[in-house]
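Whenever a hint applies, use it, and build me the whole structure from the sequences.
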Amino acid sequence: MENNSITRDRVGGNDRKFKEFSCQICENLLWKPSSCSSCHRILCEKCMQKWFENPLNRNTCPFCSKPSEYKPCACLNQHTLPDLRIRCRNKNLGCKKILPYKQLEHHETANCQYLSEQCMKCKQLILRSKLVEHQQRHRFSRTFH
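Heads up: the sequence shown runs through residues 1430 to 1574, numbered per the working numbering.
Watch out, some of these pointers could steer you wrong.
Said to hold, decoys possible - Result set (DMTMM-like, lysine to aspartate or glutamate): computed pairs, CA atoms no more than 25 Å apart in a straight line: (1) Lys1559 <-> Glu1534; (2) Lys1531 <-> Asp1444; (3) Lys1461 <-> Glu1498; (4) Lys1448 <-> Asp1512; (5) Lys1448 <-> Glu1474; (6) Lys1531 <-> Asp1438; (7) Lys1525 <-> Glu1546; (8) Lys1550 <-> Glu1562; (9) Lys1526 <-> Glu1474; (10) Lys1531 <-> Glu1474; (11) Lys1526 <-> Asp1444; (12) Lys1500 <-> Asp1512; (13) Lys1461 <-> Glu1474; (14) Lys1479 <-> Glu1449; (15) Lys1525 <-> Glu1562; (16) Lys1475 <-> Asp1438; (17) Lys1500 <-> Glu1449.
What the hints assert, rightly or not - DEER-style ranges, computed between Cβ atoms: (18) His1535 <-> Gly1441: 14 to 22 Å; (19) Lys1525 <-> Leu1485: 39 to 47 Å; (20) Asn1483 <-> Ala1503: 23 to 31 Å; (21) Ser1494 <-> Lys1525: 42 to 50 Å; (22) Glu1534 <-> Ser1494: 26 to 34 Å; (23) Phe1492 <-> Gln1564: 44 to 52 Å; (24) Ser1467 <-> Gln1565: 54 to 62 Å; (25) Gln1564 <-> Pro1496: 52 to 60 Å; (26) Lys1448 <-> His1535: 23 to 31 Å; (27) Lys1448 <-> Phe1481: 19 to 27 Å.
Just so you know, these hints were derived from the structure itself, not from any lab.
Ideal Cβ positions, reconstructed from N, Cα and C, are used throughout, including at glycine.
The structure is reproduced here in structure tokens:
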């Protein structure tokens, strides 16, 4: 997912579940969670990437500062996280989908009709749901010029 932060307002259900599965750094819902091999604390993919961008942080944990490896935390992915239902990030553009955690990434990167695509003719960014109509206008305007 391009923007992999899942804020509280996008998650259906109670606050307890959201807090239980929030990243301890950014406080958003864990997205592709990983755990430290030393202290077993969990953080989201985005925070882990940010931490490791700094060469001084390589192979250390932001929580315990020990040399460690981060590995995908399968325990969370297989149990409660898949049960959470999350609103599509394109809600403000009109998408009304509320999806299970496991389906969210595919929807937001491949299926959502409210993703922007570039028109091959004019290079303008158009919502996927309006692209066919937009391209038909190009064909229509060409016949009257």
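Against the structure, the hints come out as follows:
| no. | hint | verdict |
| --- | --- | --- |
| 1 | Lys1559 <-> Glu1534 | 22 Å, holds |
| 2 | Lys1531 <-> Asp1444 | 20 Å, holds |
| 3 | Lys1461 <-> Glu1498 | 15 Å, holds |
| 4 | Lys1448 <-> Asp1512 | 15 Å, holds |
| 5 | Lys1448 <-> Glu1474 | 17 Å, holds |
| 6 | Lys1531 <-> Asp1438 | 18 Å, holds |
| 7 | Lys1525 <-> Glu1546 | 19 Å, holds |
| 8 | Lys1550 <-> Glu1562 | 13 Å, holds |
| 9 | Lys1526 <-> Glu1474 | 23 Å, holds |
| 10 | Lys1531 <-> Glu1474 | 15 Å, holds |
| 11 | Lys1526 <-> Asp1444 | 20 Å, holds |
| 12 | Lys1500 <-> Asp1512 | 22 Å, holds |
| 13 | Lys1461 <-> Glu1474 | 6 Å, holds |
| 14 | Lys1479 <-> Glu1449 | 22 Å, holds |
| 15 | Lys1525 <-> Glu1562 | 21 Å, holds |
| 16 | Lys1475 <-> Asp1438 | 19 Å, holds |
| 17 | Lys1500 <-> Glu1449 | 19 Å, holds |
| 18 | His1535 <-> Gly1441: 14 to 22 Å | 18 Å, holds |
| 19 | Lys1525 <-> Leu1485: 39 to 47 Å | 44 Å, holds |
| 20 | Asn1483 <-> Ala1503: 23 to 31 Å | 27 Å, holds |
| 21 | Ser1494 <-> Lys1525: 42 to 50 Å | 44 Å, holds |
| 22 | Glu1534 <-> Ser1494: 26 to 34 Å | 31 Å, holds |
| 23 | Phe1492 <-> Gln1564: 44 to 52 Å | 51 Å, holds |
| 24 | Ser1467 <-> Gln1565: 54 to 62 Å | 58 Å, holds |
| 25 | Gln1564 <-> Pro1496: 52 to 60 Å | 54 Å, holds |
| 26 | Lys1448 <-> His1535: 23 to 31 Å | 26 Å, holds |
| 27 | Lys1448 <-> Phe1481: 19 to 27 Å | 26 Å, holds |
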